[in-house]
Amino acid sequence: MINILIAILVVGIIAALFGALLGYASVRFHVESDPIVEQLDALLPQTQCGQCGYPGCKPYAEAVANGEAINKCAPGGEDTIKKIADLLGVDVEPLDENHEQDSSHEKGPKIAFIIEEDCIGCTKCIQACPVDAILGAAKQMHTIIVDECTGCDLCVAPCPVDCIEMRPIPETLQNWQWDLNKIAVTQLD
Amino acid sequence: MKSIIERIKQNKFWSFHGGIHPPEQKHITSDKPIRQLPLPKMLILPLQQHIGRQGELLVKEGDNVLKGQALTQASNPMEVPVHAPTSGKITAIKKSPIAHPSGMSELCLFIAVDGEDTWRTRTVCQDFTLLNNQQIISKIANAGIAGMGGAGFPTHIKVNTKSDINFLIINAVECEPYISSDDLLMREHSSEILEGIKILDQLLNPAFILIGIEDNKPQAIKILKQATKSLEKIHVCILPTKYPSGGEKQLIKLLTGKEIASGTLPIHSGIVVQNVATCFAISDAVINDIPLIHRVVTVTGQALAEPQNVWALLGTPVNYLLEQTGFTHHEGNNPLSTSPVPPVIMGGPMMGFSILNEQVPIVKTSNCILAPSKIEMPSAFDGNSNEVECIRCGQCADVCPSQLLPQEMQWSAKAKDHQQLIKLNLFDCIDCGACAYVCPSQIPLVQYYRVAKAEIRQQQQLDLKAEKAKERFEARKLRLAREKIAREEKHKKAAAARKAAMNKKTPEAGAAKSAVAAALARVKAKKATDATNVKPQETSTVPKETSTKIEAASNETQDEKSQVKAAIARAKAKRLAKSKTNKLAVSNSEEINNEKTDRCEDSPERKQNKHSSSDDKKAKIAAAVAKAKAKAKAKAAEKSQGLEVANPMNEQSKTINANTDTVKVDDKKARIAAAIAKAKAKMKTAEKLQASTSITENNNEEIK
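Here the protein sequences come in this chain order: G and D. Position in the first sequence (first residue = 1) + 7 = our numbering. Position in the second sequence (first residue = 1) + 1193 = our numbering.
No lab work stands behind these hints, which were simulated from the structure alone. Beta carbons are placed, not taken as given, at the ideal position from N, Cα and C, and that holds for glycine.
Incomplete in silico selection of chain D near chain G, CB under 10 Å:
#1 1293
#2 1295
#3 1297
#4 1655
#5 1660
#6 1666
#7 1667
#8 1761
Kindly generate the complete structure, drawing on both the sequences and the hints.
Structure, rendered in C-alpha cells:
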C-alpha cells in the first residue's frame, strides 16, 4: 500500500515539476506568431480599389481572417485566390461573379488618365484616390502620377465632367514579356 | 597573388566547369580583311542602344548634321549619347523596329546621308598622358561608348572606380562560333587597341593587365605578342578554345582562378573586364576625338555569296549589309518553304536572336549578322521546335558553365514556380545556350529561362509597387485621421468663440441670436423637404414659410458655392437624364427654373454691371464648365440633352448674381447672419448640399 502511495507521490511530483517547467517556458519563450491578417494582406494586390466591398486591402484581409469569402478580390484574380486558399487551407473558389471586373480579363492592367483640357479642377478625384496618386489643387488642372496609380477605378465615378478614363499600360521594352507562342524566336545551335 | 602571376607566366590557367565545343565556322570570314562599305542612303539610329536609359534629343526633324555630331545628350550617368555616323539631314524622328527579340519599335532618328561625310571639328589629343582621369572619363562618356561585347554597359561607369584594381582583363576571347570581328580588329588595328589598353591602364592603374585570347586565332596572338613585347605589365594569355570562355565570370575564373560570387560584380574583387573592341573605341575617342559611330560586324553564313567582316556605321540597316555581301534568297523562291523569309540572326548562333524585320539597324552591341542556309542550320528554318520530353540524362548540368541544374530549372520554369527558380539560382544563368546545345531532347532550355527571368522581374516590380501602394494607403489614412482631429478642434474653438460673442449683451449679439433661431427653424424645414426631395417642384413652396430674410442673407454663401453646386447639379441632372426613369422629374424642375429666371431676367442684367469683375470671373468658370460638359455630351451623341442642361446652367448663374445684389442692399445685420449661415452650410454633408441645391435655388426665385 505504502509503495503505491510513494509511486503516486513521485509521479505526481514529477508531473507538477514538468507542468511548472512547461508553464514557465511558454511564458518565457513566447513566440509572437505572424498574425494571419498580415500574411493575407501580403497576398492581396494592394490596389486599395474596394471592389471586394471593403475600404482597402487590409480591411478585406481582416474580413477574410474572420471568415469572409476568399473570392472577392477582382484585381488579384485566380492567382490571389489560390494563394489565399493555400494559406488558409480551404478550397479554391472561382472569382465571385459580382466582383468580376471585365477589364481584368481584357488587356491586362490599366491606369487612370485625366483628359487635362476637360478637367475643371474640382478635386473630387483627389479625394477618391486611395493612394494619393492624383496631383492638383482646387480650380487647377489635375493629373495622375503614373507610377503610383494602382488602376483601382475609384476616381472615374466621382468626376463631374467625365474626364478620367482607364487606359491600358503601353507595352515597352522595359515591361515586355517573352511570349513564345506569339513570336517564333528560336535558339539556334 | 604572386602564385597567380607565376602560373600565368608559365601559361598555366585554371578552367571553368562545363562548356562545349561547337563547330567554329570562323574560317568563313577570318581569312578576309575588314571591308569598307560605300555609305548607305539612309541610317536609322535608335536613341537607346545600351543598358540604361535614352538621352535627351538635341536635334529636330529637318536639321543638317555633321559626322560625329552628338544627337542626344546624357543627363544621367546611365545615359549614353548617340552621334551622327556621317553627315546628312534628319528626315524623321519616329518609332521604328529595333534590334531586340521582341521586334518592337522604339524612337529612332532617320538620317538621309548626303554622301559628303563631312566631319565636325575635331581636336586631336597628341598625348593622353597629359590628361587627368576625369578628363579622360568625360571624353569616354561624351563619345557614347558602351561595352561592345554584347551587354552594352556604359563604359565610363565601369572605368570610373576608386577601389584598387588588381587585374584589368582585356576580353579578346571571342568564343562564339562564326564571329571573327574582334580577331580581325586585333590583326588590323593592334596599335590602336594597345593605345586603348594604355589609356585604361592610366585610368585604373591595375597591378596586371591580362589579355585573354583563344588559341584558334594564331595570327592575332602573334601580333598582340609582338606589340606587347616591351610592356612588362601586359600578359597575353592563350586559352584553349571552349565555349563560353568569353563570358565575364568564366574568363575571370580561367585567368585568375577566382570565382565571382553570385550577385556581386567583378569590381568588388578588384577586377575589371573590357572588350577588345571597346579598347579600340576608347583610343579612337580619347586620341582622335572620334565618337563611337562605327564598328566591325561579321556578316556571315552560307546564304551569303561574300561573307566578310565589314566596317558598319551604326544605324546601317541589316538588309543593306546583306545586299552588300550578296544575300541570296534560296528558300524565298520556294512557295513550299515553311518560313516565308529566310532567317537572319543578329548576334552569334548561340546567344543571338532571329530578327523579324530586315530594316532593323546595327547598334553599338551588334557584332554579327548571321544568314545561314537551310543545310547549315535547319532548326532556324522549320520554326517549330522538335522538343520532346526530358529524359533526365543530365548532360545539361555537365556543360553548364555556371554550375546550375538546367533540367530542374526547366521543370520549375514550366510550372512557373518562381520561388524554386530563385532557389536554383536562375539569375546566375548567363543565357549561353550550352545546355540547349547538348540537349538530346532538343528542349529550348534558354528560352524557358529567359521567359521565367522576365516574369520574375515583372513580379518583383509588381510586388514593389504593391508595397508602395500599401504604404501610401496607410499614410493617407493617417493623414485623413489627423485632418479630422484638426478640423474638430477648429470647430470647437470657433463654437466657443461664437458663444462668447453672443453672450455679450450688445444689440448686435441679440440680432445674431434671433438670426440663429431663424436659421435653426430653416434647418428643420429643410430636413422635412429632404424626405420629399423626389419632387422638387412641390418643395419650392415649403421654404417660403421660413424666414425670407435669412434666406436672402445666406445667398452670399450660396453664391460662393454656386460653381460647385452648379457642377453637382449638372452631374446629378445628367445621371438622372441617363436613367430614363427619372427623366420626367428633371425636365420638370428645369422648366421651373427656366420660368423663374425668365421672370427676373431684366433686373439681373442691369445689376450685373455693378459687379462686373466678379461676374466676369464667374461667367468664365460657368462657360468653361459648360464647355467641358458639352464636349462630354457630344461624345455621347446626346446633343439635345446637353443643351437642355447647359441652358438652365447659364441662367442659374445669372440669377445667383442678381441675388447677391439684393443681399448687398441689406445691412450689417444681414452680414452677421450670413456668416453664421455660412458656418452652418459648411457642416452640411455633400449629399445634403446636393439635395438642397434645387430647393435653395427655387427659394432664391421666391425672394425676387
